[in-house]
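> For reference, the chains in residue letters:
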Amino acid sequence: MHDDEFDATNPAFRSDPAPDAMLRTLLRDERLRERIAVAARRRLLRAVPTPWYGWVARYGRAIVPIGVAAALIAAVILNRSVRNDADAMAQGAASSSGVSDLKRAVAGGSRAAVTDAVVGPDSTEFLIAMVVR
Amino acid sequence: MREPTRELASDAEETALVGRARRGDPAAFDALVRRHLPGALVAAERLLGDRTDAEDLVQDAFLRALDRLPLLDPDRPFGPWFFTLLRNLGINQLRARKVRYTEPELPDAASSDPLPDEQMVNTEVRERFAAALAALPPRQKEIVMLFDVDGWKGVEIAEHLGLTPENVRWHLHQARKSLRTALAPLQD
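So the protein lines, in turn, are chains F and L. According to the working numbering, the stretch in the first sequence is residues 1 to 133, in order. According to the working numbering, the stretch in the second sequence is residues 134 to 321, in order.
Everything labelled a hint here was simulated from the structure, so no lab data went into it. Ideal placement from N, C-alpha and C gives every residue a C-beta, glycine not left out. Errors might be hidden in some of the hints.
[What the hints assert, rightly or not] Under 8 Å between C-beta atoms, here's a sample of chain L residues computed to sit facing chain F:
| hint | residue |
| --- | --- |
| 1 | PRO159 |
| 2 | VAL191 |
| 3 | LEU199 |
| 4 | LEU202 |
| 5 | PRO207 |
| 6 | ARG209 |
| 7 | PHE211 |
| 8 | LEU279 |
| 9 | LEU296 |
| 10 | GLU299 |
| 11 | ARG309 |
| 12 | SER311 |
[Stated by the list, open to error] Restraint-style ranges between C-beta atoms, simulated for each label pair:
| hint | chain 1 | residue 1 | chain 2 | residue 2 | range |
| --- | --- | --- | --- | --- | --- |
| 13 | L | GLY284 | F | ILE66 | 48 to 54 Å |
| 14 | L | PRO271 | F | SER15 | 22 to 28 Å |
| 15 | L | GLY152 | F | ARG41 | 25 to 31 Å |
Chain F on its own, in the form it takes in the complex:
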């Protein structure tokens, strides 16, 4: 069995060769050594402190979309809180003006003025305003 060229008719290749215990042991050891070398390299790489530009290189692609998403979320939250503040201020102003109307009417206004202050003026505008809103 010394042919270096493959010959399918060579009888030596018709059946499997006998197992070789020494080769087997050395090949198994070599495979384990390779496995350990790969794991060790990975560990050593992890142990090396990463400089700032390393982090940028590693996470650079994720930083931009994360930043954009964070900015959008912040804008939505900010917008909502500004609107809530404005609503609260408007509501406060409306209720304080109602109280002062009532005080003024009770202090010396006519009966119609007191009624207007308590239940609202005699008009259908508030209904239209409710429907439009």
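Based on the hints, put chain L in the right spot on chain F.
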């Protein structure tokens, strides 16, 4: 009979390898693994009684040794320190499995570890063997691993790789020939 100068050279070489591995040189750590792998496998297999478990234990022990290298006193030799680590890990593993065992005859560094002379020859031959294996065409490497290590038959490998069984055996023949050439000094 061991030559004292050669032993000293080997010790000095190992101390240098430990120093380089400690500084994060993967090649130096690989050289340490190559030196102690055969002895570690014998010790682990004797302890656990199973080759696959022994391989896992040896891998675990080497990786822990790598983590703990900074704790190793530079004046202490790596071998006995590593074998103590291996032994302790193996015993912990046996305890975790709750296997009833009597304290096994644990090979201490002196008995299981090949003598430095043998180790040197062994390491040298192993290095040549590793180089020959790395130089094999990928297909031949795969075939020799499947046949000689995993115990596949020629027909099974042929089916797996889409070759004829005769072609697989030819590749196997070529691969074994290259590897045996690397082992020639050992067989003389």
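> Hints first: check each against the structure and report whether it holds.
Cross-check of the supplied hints:
1. PRO159: holds, 5 Å
2. VAL191: holds, 7 Å
3. LEU199: Result: holds, 6 Å to nearest chain F Cβ.
4. LEU202: violated, 11 Å
5. PRO207: At 19 Å from the nearest chain F Cβ, PRO207 of chain L fails the 8 Å test, so the hint is violated.
6. ARG209: violated, 21 Å
7. PHE211: Violated. Min distance 14 Å.
8. LEU279: Hint on LEU279 of chain L: violated, closest Cβ of chain F at ~10 Å, above 8 Å.
9. LEU296: violated, 10 Å
10. GLU299: holds, 4 Å
11. ARG309: Nearest chain F Cβ about 7 Å off; hint holds.
12. SER311: violated, 11 Å
13. L:GLY284 <-> F:ILE66: 48 to 54 Å: holds, 51 Å
14. L:PRO271 <-> F:SER15: 22 to 28 Å: holds, 25 Å
15. L:GLY152 <-> F:ARG41: 25 to 31 Å: violated, 18 Å
Taken one by one, the earlier hints fail for this structure at numbers 4, 5, 6, 7, 8, 9, 12, 15, listed in ascending order.
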